[in-house]
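*Asks:* Chains as they are written, first to last, in the working numbering: chain A, 1087 to 1376; chain B, 665 to 1056.
Think of the hints as simulated: they come from the structure by calculation, not from any bench. Among the hints, erroneous ones may be present.
[What the hints assert, rightly or not] Here are the computed lysine-lysine pairs in the DSS-like style, where the Cα-Cα straight-line distance is at most 27 Å: (1) B:Lys719 x B:Lys768; (2) A:Lys1145 x A:Lys1199; (3) B:Lys842 x B:Lys878; (4) B:Lys1001 x B:Lys967; (5) B:Lys941 x B:Lys878; (6) A:Lys1330 x B:Lys719; (7) B:Lys941 x A:Lys1372; (8) B:Lys806 x B:Lys719; (9) B:Lys871 x A:Lys1193; (10) B:Lys941 x A:Lys1330; (11) B:Lys747 x A:Lys1330; (12) B:Lys747 x B:Lys878; (13) B:Lys842 x B:Lys941; (14) B:Lys747 x B:Lys724; (15) A:Lys1132 x A:Lys1145; (16) B:Lys719 x B:Lys878; (17) B:Lys678 x B:Lys806; (18) A:Lys1330 x B:Lys768; (19) B:Lys724 x B:Lys871; (20) B:Lys878 x A:Lys1193; (21) A:Lys1372 x B:Lys1046; (22) A:Lys1219 x A:Lys1132; (23) A:Lys1330 x B:Lys842; (24) B:Lys768 x B:Lys842; (25) A:Lys1199 x A:Lys1310; (26) B:Lys719 x B:Lys747; (27) A:Lys1193 x B:Lys678; (28) B:Lys747 x B:Lys806; (29) B:Lys678 x B:Lys747; (30) A:Lys1193 x A:Lys1132.
Since we're looking at a predicted model, the values are computed, not measured.
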Amino acid sequence: MAILVGPETRLLIQGLGRDGSFQASRTREYGTNMVAAVHPGRDGQKFEDEVPYFSTVAKAVEDTGANTGVIFVPAPFAMDAIIEQVDAGLELVVCITEGVPVLDMVKVMAYIKDRPTRLIGSNCPGVLTPASKAKVGIVPGNIVRPGNIGVVSRSGTLTYEAIAQLVQYGLGQSTCVGIGGDPVHGTTFTDALELFQADDETEAIVLIGEIGGVREQLAAEYIKENVTKPVVAAIAGQSAPAGKRMGHAGAIITGRAALASEKSRALSEAGVHVVDSPTHIGARMKEVVG
Amino acid sequence: MNIHEYQAREILEKYGVPTPRAEVASSGEEAEEIATRIGGRVVVKAQVHAGGRGKVGGVKLVDSPEQAREVAEALLGSRLVTKQTGVAGVPVEKVMIAETLDIKDELYLSIVIDGDIGAPVVMASTEGGVEIEEVAENTPEKIFRVAGDPLIGLTTYHARDIALALGVPAESLSATTKLIIDLYRVFTENDCSLVEINPLVITEDNKIVALDAKITLEDDALFRHPDLVDLRDANQQDPLERRADAADLAYVKLEGGRVGCMVNGAGLAMATMDITKTIGASPANFLDIGGSADQERIEEAFKIIMDDADVEIILVNLFAGIARADVVAQGIVAAAKETNAQLPMVVTMRGTNAEEGARILGESGLNITSAPDLAGAADVLKQILLELEGAS
Chain A
1087 MAILVGPETR
1097 LLIQGLGRDG
1107 SFQASRTREY
1117 GTNMVAAVHP
1127 GRDGQKFEDE
1137 VPYFSTVAKA
1147 VEDTGANTGV
1157 IFVPAPFAMD
1167 AIIEQVDAGL
1177 ELVVCITEGV
1187 PVLDMVKVMA
1197 YIKDRPTRLI
1207 GSNCPGVLTP
1217 ASKAKVGIVP
1227 GNIVRPGNIG
1237 VVSRSGTLTY
1247 EAIAQLVQYG
1257 LGQSTCVGIG
1267 GDPVHGTTFT
1277 DALELFQADD
1287 ETEAIVLIGE
1297 IGGVREQLAA
1307 EYIKENVTKP
1317 VVAAIAGQSA
1327 PAGKRMGHAG
1337 AIITGRAALA
1347 SEKSRALSEA
1357 GVHVVDSPTH
1367 IGARMKEVVG
Chain B
665 MNIHEYQARE
675 ILEKYGVPTP
685 RAEVASSGEE
695 AEEIATRIGG
705 RVVVKAQVHA
715 GGRGKVGGVK
725 LVDSPEQARE
735 VAEALLGSRL
745 VTKQTGVAGV
755 PVEKVMIAET
765 LDIKDELYLS
775 IVIDGDIGAP
785 VVMASTEGGV
795 EIEEVAENTP
805 EKIFRVAGDP
815 LIGLTTYHAR
825 DIALALGVPA
835 ESLSATTKLI
845 IDLYRVFTEN
855 DCSLVEINPL
865 VITEDNKIVA
875 LDAKITLEDD
885 ALFRHPDLVD
895 LRDANQQDPL
905 ERRADAADLA
915 YVKLEGGRVG
925 CMVNGAGLAM
935 ATMDITKTIG
945 ASPANFLDIG
955 GSADQERIEE
965 AFKIIMDDAD
975 VEIILVNLFA
985 GIARADVVAQ
995 GIVAAAKETN
1005 AQLPMVVTMR
1015 GTNAEEGARI
1025 LGESGLNITS
1035 APDLAGAADV
1045 LKQILLELEG
1055 AS
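With the rest of the complex left out, here is chain B (with noise of 0.2 Å):
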């Protein structure tokens, strides 16, 4: 789950991370205050669950309250569209207003759990305010890296030779210790599964400032942090996204796309996503209706792909190990005949009651085009889509 930046800052000033003064805002008005409180010139930050905001103008310098009135207002209410969006952006509802600092050097922390490994590992660098990235990608030797230990956590020692890495002058070093430490607990006491400060910052005057921050937590261990599920921002979701959501489908909207596919298993989704590649379309979206779908939720995953306007035809694969095909089939006619679905479907069915299935669809009326198997359901699918440009 993505939380934004002025939700990060707080969470870090709990940790006792260092950060730069400031305050969110929703209004012009507010934004004048707080620019106000906090004097001389202000950086106005929009909140948006998307890297890339300062390419696209959202992030402004101003030297007065009344330009941070005016850079807000302009914020508000519009939608970023940066290279990590859609085309249709996000929606800015909230700005933060932040001090400035002097500012002698920018550095890159950052926590991830390394799969390989086992264990959280910090990394850091000294080109701060660059995407780690192109630092790894062009110049990996500027990248150190330490793993945590599992059952100890991060220890001092190990900490110090991080700080010592990033080339802090000696009388900050013992702040940007404690500053890794204490971030680190912030990554393992939340569940996260990303903590970035980027930069992270030596002032003139040697403090150590975690200047932006970026927290992303772990799904999956949200329900031992019931404070922080109400951080979620449901309006920064794509909307067919937030409905999948609390379906609890594993739905990922893709652009560009018209094969709208629904399959059971993650694995076989991205597997069917790439066959509507191999035949010269493109997917519409991830869809994983999971194990032990309802009903319901079938009729729900399958009206979603219908709401997606990218949409033309539809593409269901399913081999049923947990999951029941005559379930899935009864959902989706279900859904299709009140949504009154005209769209051309192929469908492969295999596995626990997959013949019932296929009597079920068969039998609904619905335009549908059944397919042994997945080959068998890439040639019919190539075959439609050729019918349909013929046809347009």
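Isolated chain A, as found in the complex (with noise of 0.2 Å):
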């Protein structure tokens, strides 16, 4: 079953420039199930002489029965393509794209608020369910193993680092979910964590947070009142100054339920197994499972 995406996915693809082309390529390769491709002016032509490309979502929605989106339009443009997806009736779109405007996004999320279209990001690496080969995003395909441990990060790269972990103690994942790191975002760690507690194939669940807002302390709430399945969270950032953002736009210490030791302490209130190290994500979760 796995959450979010799975053997189900029908997924188009929004924004073939540089890097859309070059993830449209791999996440193909993986064998992910890509109908529809949308890049204007481009009707009539062929992603890989393959896959249909189209003008509009809705278009390529109507001829395609896609339901998942991925976006990799460039950012001032972002907004728009999100809008665009919700409105062809997509059930989930995942926004790839990093830099947009944070009040774009407070836009997006009144905008999709009463709609039924799930959102991911912006700035993320997207979502990947390794025993169906569905992957949306940019997560390498290569690197994840099948199984039965929830990933849930805010970071992308990181969260390839906790992937690797995990794979060298030879735990695999059910699905693995990058949820971005804008201070306003779509799916959060609540959300996420609430998916995986009602997932038959997760049996325990990483959370990879980080310096800025109060969303760890949410899911620490969440998870003492409704998540039993066992759960390892690092917390990246322990080094970080205030005040200074640490490349996400979220990634900002302005206050004191921002540092990372407030973030941890309150996971670790909540049964979290909270990793003193970001190298010990592995071996913790190994001791968790047996």
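Two independent chains are provided; combine them into the complex using the hints.
*Replies:* Structure below.
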């Protein structure tokens, strides 16, 4: 079963510039069912001679039955692309684009609030379910293994690090979800935890947080009340100074709650296994699940 | 992007927010002229991108134009070291000369994005003139928060609620309400990440005035505000951070560290910094080279680390998803040879073309120790640091 993406995923990709095209190829190589490519002005052509191009998402959905969208358009156009995909009725929209203005994401979140579409991102590595070869985003397909650990993270490459450690200890993943590094984003830790808790194929969960915001604390509250599966967590940015943005727009210490130590404390108090060093994620999970 | 107080004041004026009469000076002579024009007692404020200037002599009250000149001359050309700057401080190249007001009450007002609500939030407090962090810590009940609606904005009744919570006199209520609405427009129409008025003052004659103003613009939205980009003052930035900005690299210089870190991805970059702490050292910087950096950008990234006098050893941690390890390796080798770098390097490379990257580094003749993963890199780093300490 896994979560969010699986054998039923019919993927539409929007924005096939340099990065989008490169990732579209990797996605198809991995074995994901990519049914449509949206890039205005290329109607009638095919990506890699197989995936039909469309100028609009609505037309692509109508012709191909796509149910999941992934966005690679440049940041100034990302809000527009998300709204176009939501309006076309896609069930899941994943926005990989980095650098989307925060006030654009504020509007997007208000727009989708009462609509059925689930959004992941912006500024995220996307979602991957290894067992069904469903890769929606940029997580490298060659580092994951099918299994029963759910991974949810605000980071991209640190997620790869965690996955590599899990694999090293013989632990595969049910689904890996990158929720992204922007301060305003769609799917949250709490949303992902809810899905993993309900998922039969997920036995335990890795949560990777970082400085900034209070979403890790909200996750801790949720875990305390609702999550019975073991959770191993790592929080990046223990050594980050206050007031400086650490790459991600959301990774900035603006108050006490934004500190890595506060997040670690909240998660520990909720019964989460919080590792001291980001190199201990795999080992700790091995101890926890045996 | 940070801007100066005098620039923030100009933006506020454009939106009709009352501010004290003020002008900016680049010389003692100009300061004297301005003080003469304003007349009476004035305040001379150093224009720097750092809080805490008042505590280190960056804000001074003077009673005459001659004194304004003296104070301005002493400040201009100096560097201010505050708790928010590094030990090198920031240069004072301009001072603002502002009128003084008869103040009855000092309040606090700011607007930021609340990521968890997903909307701009106005924060108001009757405790003006002190740091809001302290208020939040000690008396959180004294902070009043109202979120704007993402699509409608801040309604007048919300603004009035805030003005009432601030306890302004009845005759100042409508002016305060308007000021809050105007500030909200400043925030949303300019894509700010922070608008902070501290203090917002009520004068003896019940006027409401934004006495000090801090505005931070959101970097990611600057593409739609070309006029605001011109407000950038690169001299206020750390020289290495300025170079990184120019090369489109996410880099933050950290005080007191000696391990230069070069990583792809923000989360992994933070985790790599954390690793140096767990082995008893400290990171010299945060650096995310990003996913699609070409060789030229990698070279500049490496040179920035090399040009940091604090760096004694370099830790490269690459988990290539979009990035290609061979391109990064070529960039490192080219930059290291050009700068004749002798510093020891610990490198771990995984992901796309990692083997090719390792081969390029291995054949380079540079002082490189490879590690299979992050844990391995931490061990090697610890070992080398111990050897360095033993040798010194």
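*Asks:* Are the hints correct? Go through all of them and say.
*Replies:* Okay, the hints, checked on the actual structure:
With a CA separation close to 22 Å, the supplied pair B:Lys719 and B:Lys768 stays within the 27 Å bound. Restraint check for A:Lys1145 and A:Lys1199: satisfied, since their Cα atoms lie roughly 24 Å apart, inside the 27 Å limit. A threshold of 27 Å between alpha carbons decides the hint, and for B:Lys842 with B:Lys878 the separation of about 19 Å falls inside it, so the pair holds. About 11 Å separates the Cα atoms of B:Lys1001 and B:Lys967, which keeps this hinted pair within 27 Å; it holds.
For the hint pairing B:Lys941 with B:Lys878, the CA-to-CA distance comes to about 33 Å; that exceeds 27 Å, so the pair is violated. For the hint pairing A:Lys1330 with B:Lys719, the CA-to-CA distance comes to about 21 Å; that is within 27 Å, so the pair holds. Between B:Lys941 and A:Lys1372 the alpha-carbon distance is near 24 Å, which keeps this suggested pair within the 27 Å criterion. For the given pair, B:Lys806 sits about 24 Å from B:Lys719 by alpha-carbon distance, which is consistent with the 27 Å threshold.
A distance of roughly 35 Å separates the Cα atoms of B:Lys871 and A:Lys1193; the hinted pair therefore is violated under the 27 Å criterion. Taken as a hint, the B:Lys941 and A:Lys1330 pair is honoured in the structure, with Cα atoms around 18 Å apart against an allowance of 27 Å. In summary, the hint linking B:Lys747 to A:Lys1330 is supported, as the alpha carbons are separated by about 14 Å, within the 27 Å threshold. Distance restraint check for B:Lys747 and B:Lys878: the Cα-Cα separation of roughly 17 Å lies within the 27 Å cut-off, and the hinted pair is therefore satisfied.
Pair hint B:Lys842 plus B:Lys941 does not hold up; C-alpha atoms about 49 Å apart against a cutoff of 27 Å. For the given pair, B:Lys747 sits about 18 Å from B:Lys724 by alpha-carbon distance, which is consistent with the 27 Å threshold. Simply put, A:Lys1132 and A:Lys1145 have alpha-carbon atoms about 15 Å apart, close enough for the 27 Å limit, and the pair holds. This hinted pair checks out: B:Lys719 and B:Lys878 have alpha carbons roughly 17 Å apart, not beyond 27 Å.
Among the hinted pairs, B:Lys678 with B:Lys806 is inconsistent with the structure: their alpha-carbon atoms are about 30 Å apart, more than 27 Å. A C-alpha spacing of about 35 Å is found between A:Lys1330 and B:Lys768, which places the hinted pair above 27 Å, so the restraint is violated. Distance check on the hinted pair: B:Lys724 and B:Lys871 sit about 23 Å apart at the alpha-carbon level, within 27 Å; holds. Note on B:Lys878 and A:Lys1193: the hinted pairing holds, with a Cα-Cα distance of about 25 Å set against a maximum of 27 Å.
Distance check on the hinted pair: A:Lys1372 and B:Lys1046 sit about 25 Å apart at the alpha-carbon level, within 27 Å; holds. Among the hinted pairs, A:Lys1219 with A:Lys1132 is consistent with the structure: their alpha-carbon atoms are about 22 Å apart, no more than 27 Å. Distance hint between A:Lys1330 and B:Lys842 is unfulfilled; the C-alpha atoms sit about 32 Å from each other, more than 27 Å. Distance hint between B:Lys768 and B:Lys842 is fulfilled; the C-alpha atoms sit about 20 Å from each other, no more than 27 Å.
Annotation: proposed proximity of A:Lys1199 to A:Lys1310 holds, straight-line Cα distance about 26 Å (limit 27 Å). A threshold of 27 Å between alpha carbons decides the hint, and for B:Lys719 with B:Lys747 the separation of about 9 Å falls inside it, so the pair holds. About 25 Å separates the Cα atoms of A:Lys1193 and B:Lys678, which keeps this hinted pair within 27 Å; it holds. For the hint linking B:Lys747 to B:Lys806, the alpha-carbon distance of about 25 Å falls within 27 Å, and the restraint holds.
Of the pairs offered as hints, the one joining B:Lys678 and B:Lys747 is violated, with about 32 Å between alpha carbons and a cut-off of 27 Å exceeded. Note on A:Lys1193 and A:Lys1132: the hinted pairing is violated, with a Cα-Cα distance of about 33 Å set against a maximum of 27 Å.
In terms of the numbered hints stated before, the structure departs from hints 5, 9, 13, 17, 18, 23, 29, 30, listed from lowest to highest.
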